[in-house]
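Visitor: Chain residues, written in single-letter form:
Number of protein chains: 2
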Amino acid sequence: MLEHGGNIDLALQHFGGHLEDWIDLSTGINRQPYPVAPLSSRHWTALPSRSETISLQEAARQAYGTRASIVALAGAQAAIQLLPRLRPPGRARILAPSYNEYASVLRAAGWDAADAADLKSLAGADLAVVVNPNNPDGRRHEPDKLLALLSCVGLLLVDESFVDAVPELSLAPEAGRSGLLILRSFGKFYGLAGVRLGFALGSDADIDLLAAQAGPWPISGAAIAIGRRALLDRDWVIKTSARLDRDSRRLDALIQSQGWAPVGGTPLFRLYDTGDARAAQARLATAHIWSRTFSERPGWLRLGLPGEEKEWTRLAAELAR
Amino acid sequence: MLEHGGNIDLALQHFGGHLEDWIDLSTGINRQPYPVAPLSSRHWTALPSRSETISLQEAARQAYGTRASIVALAGAQAAIQLLPRLRPPGRARILAPSYNEYASVLRAAGWDAADAADLKSLAGADLAVVVNPNNPDGRRHEPDKLLALLSCVGLLLVDESFVDAVPELSLAPEAGRSGLLILRSFGKFYGLAGVRLGFALGSDADIDLLAAQAGPWPISGAAIAIGRRALLDRDWVIKTSARLDRDSRRLDALIQSQGWAPVGGTPLFRLYDTGDARAAQARLATAHIWSRTFSERPGWLRLGLPGEEKEWTRLAAELAR
Chain A
19 MLEHGGNIDL
29 ALQHFGGHLE
39 DWIDLSTGIN
49 RQPYPVAPLS
59 SRHWTALPSR
69 SETISLQEAA
79 RQAYGTRASI
89 VALAGAQAAI
99 QLLPRLRPPG
109 RARILAPSYN
119 EYASVLRAAG
129 WDAADAADLK
139 SLAGADLAVV
149 VNPNNPDGRR
159 HEPDKLLALL
169 SCVGLLLVDE
179 SFVDAVPELS
189 LAPEAGRSGL
199 LILRSFGKFY
209 GLAGVRLGFA
219 LGSDADIDLL
229 AAQAGPWPIS
239 GAAIAIGRRA
249 LLDRDWVIKT
259 SARLDRDSRR
269 LDALIQSQGW
279 APVGGTPLFR
289 LYDTGDARAA
299 QARLATAHIW
309 SRTFSERPGW
319 LRLGLPGEEK
329 EWTRLAAELA
339 R
Chain B
19 MLEHGGNIDL
29 ALQHFGGHLE
39 DWIDLSTGIN
49 RQPYPVAPLS
59 SRHWTALPSR
69 SETISLQEAA
79 RQAYGTRASI
89 VALAGAQAAI
99 QLLPRLRPPG
109 RARILAPSYN
119 EYASVLRAAG
129 WDAADAADLK
139 SLAGADLAVV
149 VNPNNPDGRR
159 HEPDKLLALL
169 SCVGLLLVDE
179 SFVDAVPELS
189 LAPEAGRSGL
199 LILRSFGKFY
209 GLAGVRLGFA
219 LGSDADIDLL
229 AAQAGPWPIS
239 GAAIAIGRRA
249 LLDRDWVIKT
259 SARLDRDSRR
269 LDALIQSQGW
279 APVGGTPLFR
289 LYDTGDARAA
299 QARLATAHIW
309 SRTFSERPGW
319 LRLGLPGEEK
329 EWTRLAAELA
339 R
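Residue numbers (the numbering used here), protein chains in the order written: chain A, 19 to 339; chain B, 19 to 339.
Same shape as in the complex, but just chain A (with noise of 0.2 Å):
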């Protein structure tokens, strides 16, 4: 398995300690989560129905701001699975560096997967990959500039699992057009990752190809009923978005003390160099709080967002030691 955040077991592991005592900022996972109400049983005893999966789309549609074709997913993740069978294998150039599920997955269904270092260098790739906003660096794309090179890739697929934050980089409104595929995460923006939820959006051919791989029932009733409830609650969002924005702003300045540099981020996580992460991710897990570093990149640190005032001030007090 590829190195990922959200690998507690490895905390647990080297660190001790119990799984409810740790803080696990090794994720981009939002850790004020959206309430799950209680479920009717139906959602746990019956298939999935299809008015039922319509109508999550139709609510993923109107929370994204789009009129595209669009199917739900066990996460962003499933989406990349299927990403390498939307094509026949050729070149692909990821926008790099990035989410490593990309090129690993790619590489094992038979493509010339290999990084860009900028969009001009994605030009000619049979699928070009952008992750907007970045992970883990944070850096952005404006949505005209990803539109320009629709006309010189095959596919091109704009990964937004944090864009729910910043929608204003989305290209959500302009998926349908020939060549661009989007995907959209749930369980990060909502902080409910457990629930596997996803989407893409794209050609109704493109979609289709996606449906017909994915299957008849390939989520559950529970992500089924959440989703809908949460992407449809647009006070949420409104006040979810002012709250990570804000926090996001607090966690940078708690880390000005301990004079790592800020790298980037989102509004869901920050990325620092500190020189030295492996000891960095080792001081604050001694405190129970878990990190992510990156084995190419030996100074990155990348943190999630804290949730309740108490992870603010465990965190703050492992800094002021």
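It is possible that part of the hints are untrue.
Identical chains blur together in the list; that is why a pair holds if it fits in one copy or across any two.
Said to hold, decoys possible - Listed next, the in silico SDA-like pairs over lysine to any residue satisfying Cα-Cα at most 20 Å (straight line): (1) 257 to 195; (2) 328 to 305; (3) 328 to 59; (4) 257 to 55; (5) 163 to 115; (6) 257 to 268; (7) 328 to 60.
These aren't lab readings, by the way, just hints derived from the structure by calculation.
Chain B: place on chain A using the hints.
Guide: For chain B alone, coordinates are given in the frame of chain A:
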């Protein structure tokens, strides 16, 4: 989308009523489900960890009586979706009549997929598919007969989606043999199809391949928590198997009055030759009882077992009219 049970939308559309008015007997999903205990919030919020996934898979191994490699997927259907990629496309032969997704998924991935009338005709296939006991006719194959096939096919896929209540038919204790892959469904016997959980058991190499295709987080935190608890509950399995056995004979007895010829079945569903299944379906549907027809077999009607006593009463009343 192919013809499936559980298509309750269609029932509502053609015969009216509200969702909660209907008794859905169009599937083989147990209508007295395993009780879902309240979930801790972590199962919703966090990415499923490796150790949680492993503990679910260990519970499944114990329940199914195997030490072989195993992977948890979003239903047996999710394994079927990945099946065409386990081997290079070749000749697939499916013991027919059976679950229609096999031929469809294999053909879409470039396989030469065709029906076979008996076990002998599967010989020479690169991939042989047997559903045991079979859906929809309940046909049973003794384990030694299936094992004998291993030497004359490339890969033998045994779909044991309906085997839980007739465990003496299961090949799970033989899983791990090269060329043998077994699918298990969680949702049918446990009555929790909306959870989306199933397992593939097989050789290390095949299970590694399936796991790589499925990606790091194919099932939800809820599926892990609910599945683990249910699979370790032997008392419930024993009690439920006995009840399903009783109730399947009760349904056959109830149907006798109709003059429908019993074709076969499993403890989770029964198949009858009604002469005119569309008419029989329409008649039951006026009482808001939904059933499964098969366009290629116009006489066949498949009925799952009613759950609570009041469901039996409603079915009996409609049949007595």
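Visitor: Now tell me, hint by hint, if it's right for this structure.
Guide: Hint by hint, here is what the structure shows:
| no. | hint | in the structure |
| --- | --- | --- |
| 1 | 257 to 195 | neither (31 Å within a copy, 55 Å between copies) |
| 2 | 328 to 305 | within (13 Å within a copy, 56 Å between copies) |
| 3 | 328 to 59 | between (35 Å within a copy, 18 Å between copies) |
| 4 | 257 to 55 | within (19 Å within a copy, 32 Å between copies) |
| 5 | 163 to 115 | within (19 Å within a copy, 54 Å between copies) |
| 6 | 257 to 268 | within (16 Å within a copy, 56 Å between copies) |
| 7 | 328 to 60 | between (37 Å within a copy, 18 Å between copies) |
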